[in-house]
Amino acid sequence: MEKRCHTMDECLRRASLIDIVFSWTLDDLLHENLFKFQVPKIPKTFSSTEDYMNSFFPALIEETHSDLYSSLLNVPQASFCEIRTMETSKDFNPPFDLFYKITLKNITDEVYGAGKYEPEVGDLIAFTNMRPKSVDDLSRIKRYCHMAYICGSRDEFTDEIIILLSKEMNNNFNLRTNKAQKLYAVYLVNMTTNVRIWKALNLEMEGSSVNVIKEVLQPYSGLEQNCPACLSGMNFSRAYSRVKALIKAQNLNKSQEDSVASCLHMNKCHHNDPIKLIWGPPGTGKTKTVASMLFCLLKLRIRTVTCAPTNTAVLAVASRLHNIAKDSLEHGSYGLGDIVLFGNGKRMKIDSYKGLNEVFLDNRVDDLLYCFSPLTGWKNSLESMIKLLKDPEAQYALYKNGVNANVMSLEDFVSGNHRNVKGSYFSYKKRCKHHCLMRLEDFVKKRYGYIIEQYDMYLDDEKLSVGMSMEQFLRQRFCVYGKKLKSFIKTLSTQLPTCLLPIKVVMKIFRVLELLKSLEVSMNQSKLKQAFHGFSEDAKVIFAWFGWLNLEKELLETLCFLSKTIKLPKLTTKYGISQFCLKNACILLCTASSSSKLFTEGMKQVEFLVIDEAAQLKECESTIPLQLFGVKRCILIGDEKQLPAMVKSKIADRAEFGRSLFERLVMLGYKKNMLNVQYRMHPSISMFPSKEFYDKQLSDAEIVRETSYNKRFLEGKMYGSYSFINISKGKEQFNHDHSLKNVIEAAAISEIIGRLKKEFVRTKNRVSIGIISPYKAQVHEIQEKVKQYMVSDPKFSVNVRSVDGFQGGEEDIIIISTVRSNLSGKVGFLSNRQRANVAITRARHCLWIIGNATTLVNSNSVWKKVVGDAKERKCFHNADDDKKLNEAIEDALFEFELLDDSASAFNKLSIRDISVTKTFSSKPLTLMRR
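Residue numbers (the working numbering): 5 to 934.
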């Protein structure tokens, strides 16, 4: 019998995180406090790399357990699918390697609010023989309640998915023979990131290096030195002088310029700490600064990986960098091939960001796949055009002798372009035997759709009309080859890294474009039928009439030069081209978790690591990119005064599991380069956070101090740039999820939004509104109240989210609902200073804080200071002072008390009273306020 893990020590002796999860019983998973006293606090300093790595394991295990606990509680709403077949895979080797392969049934309906489930690699699923309506159903399933880990993507032609099962299935279990048996896969959580962290902490990444990690175990012992050689410029090349000019051209303020310059200085001066911290408070242009720094690193040809905790953060930097790079390019899109953005395309939603498809890895691979194709790609098109220009008579003679005699079959085309396809097809036939066997053409169409596309294009290009004259033949062939060359030139110049395509070669291929355009113009202007009437067809005569002879000679010479110079790699698979792009790029952008894809054999070393939003990244997750091969310098950009990474487990949270490397280094006294000019908030909004959170170091940019920035959206002092609106009659209450809401505040906000909408209808001035509350129940309550305004007009946007959901966002108007309203001053996690900072710093023009002033003052938290500051600045207002707002509050209060009294009365009724009421009441009760 396999030993179960009930203690942290037993868990830590397991080989992998999946082994640990599989060792837990259902009772273990539903025991919220299984490891309550077994997760030690993560220290601030460490004696060794081993000590450092080991300190994260207990909290990682607890957080994984907490994730599973939460998902099991929500199992009725979980996505699911029905299993069609399930059998052991070729790697099945009990008792440990319990690998199975499954196929799925198509389920189109939705049951119990759950949607159709499409398994992804890294998913953890529960196998059940019934659809669970509650977590108790899992306890009742004795026979087939197993957990499984999705090991691979769905096979494109067999539809099989490889899974690892927690325990072996019953020998009698067979879905093929017993049609009555049912088996469902219910989605629980995705384990990908936690599994990658586990591997990084165990130093299991290919070619991993801990050089940088060794530098962050203790406080930096040496003082930053002003190296005389560096300061005198002996260590700097002309390239750095050029970069200095590039920094100036980015229109940065002094603090931004100094931060970028100090980071670039790290590359040449090795006397200072290899870690650099850039402190970016709200609205200080952090993304612009990071993108400008990456652009300089690009120009210096310093191979850099840029990470962030989320796709949203990565895309923001990638979009800004793309724009800067694009504006600086002198030759079309040449140079973008040095930038690669990679990750999960579905989750990233690349199409929402203009131009990013030019640097996104998946798109690049698709484009280069066509370009590298031996029979239809760049090389083939180039050689075909050279042959046509060198000896047009010979090409015409071949045409005359057999019009389409040399057109390849699909099988020959596949073999010539992709040698591994036939091997894959043979393997497929061997595996499938007589079950669902497909023809080669169907197999290729399903698994390698792009080959069919290439073949169709090939057939279109090779299609020749019977009986063409030489003039017609030359015109047709030139157009076909020219069109393909122009397409491939665009792909090569945009998608190839510059190390494979030097500028002198690029100038030649752009000259080809000019020549092709000139020759096409000459061809279209010729009236050949009249010109050649009565003359024998001769290529030289035709070329002379086209006006080609001089241009044709230059084109031929240029094409021959390119044929000898451009040596494309012989790659015909998506994986091979993907690795080629990652190895040769200069700037790579991804999430911290996705950087694990760079741990592959033969990957070029990285010089710089840049982590954006570093204060939101768990330190254990940052160990993934910190181990990248070759990393010597690391730049962390963030703000520890804002929210850290989210941690579900209270036990792990108390152990400082959500703390970032950025925050810990700040605690250890590391120097921060501060971005000190904010461009977002009206000065009356930025005044309090600058004083309270940033020691008055945050100054206002000129743009926010201009009179035009002082926008008013509603009449009255209460709705100025900054105000605290006191609602003393608020009522806090718990909902079914034990989250708090305040229906009185929600009603007041609804009234304000309604008035803003009326003003918008009158003026047609675009306005964006953000409504923030720390409590999920209040977010939902407000969404219900204002949903009529949320989709009415794109120029009038209303966005309701939690504080955590609004981090990084900004709107014209921000309304904060603090919710808490009690006599004791209890405010719970509302007292969190980081959460308060995020909420208060999201507004551009107007910030209106709604709450019970008495409760907040009695809380003795940061919100006491908010209320005091508002009173001191005469920005404090009572909701009663606004007649319409007061009416909305009174109406909501009456409804709340009426419903509350009704609920109390209902609870006192006996079952007999209820049945009597039902019997004698035939009309609905109408509640009226007198």
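Hints should not be assumed to be uniformly reliable.
Listed next, the in silico DMTMM-like pairs over lysine to aspartate or glutamate satisfying Cα-Cα at most 20 Å (straight line) [to be verified]:
#1 Lys557 <-> Asp395
#2 Lys353 <-> Glu124
#3 Lys490 <-> Asp657
#4 Lys654 <-> Asp741
#5 Lys869 <-> Glu696
#6 Lys888 <-> Glu763
#7 Lys636 <-> Asp71
#8 Lys780 <-> Asp71
#9 Lys878 <-> Glu899
#10 Lys186 <-> Glu122
#11 Lys578 <-> Asp71
These aren't lab readings, by the way, just hints derived from the structure by calculation.
Contradicted hints - numbers only:
Numbers 3, 7, 9, 11 - these are the hints that the structure violates, sorted from lowest upward.
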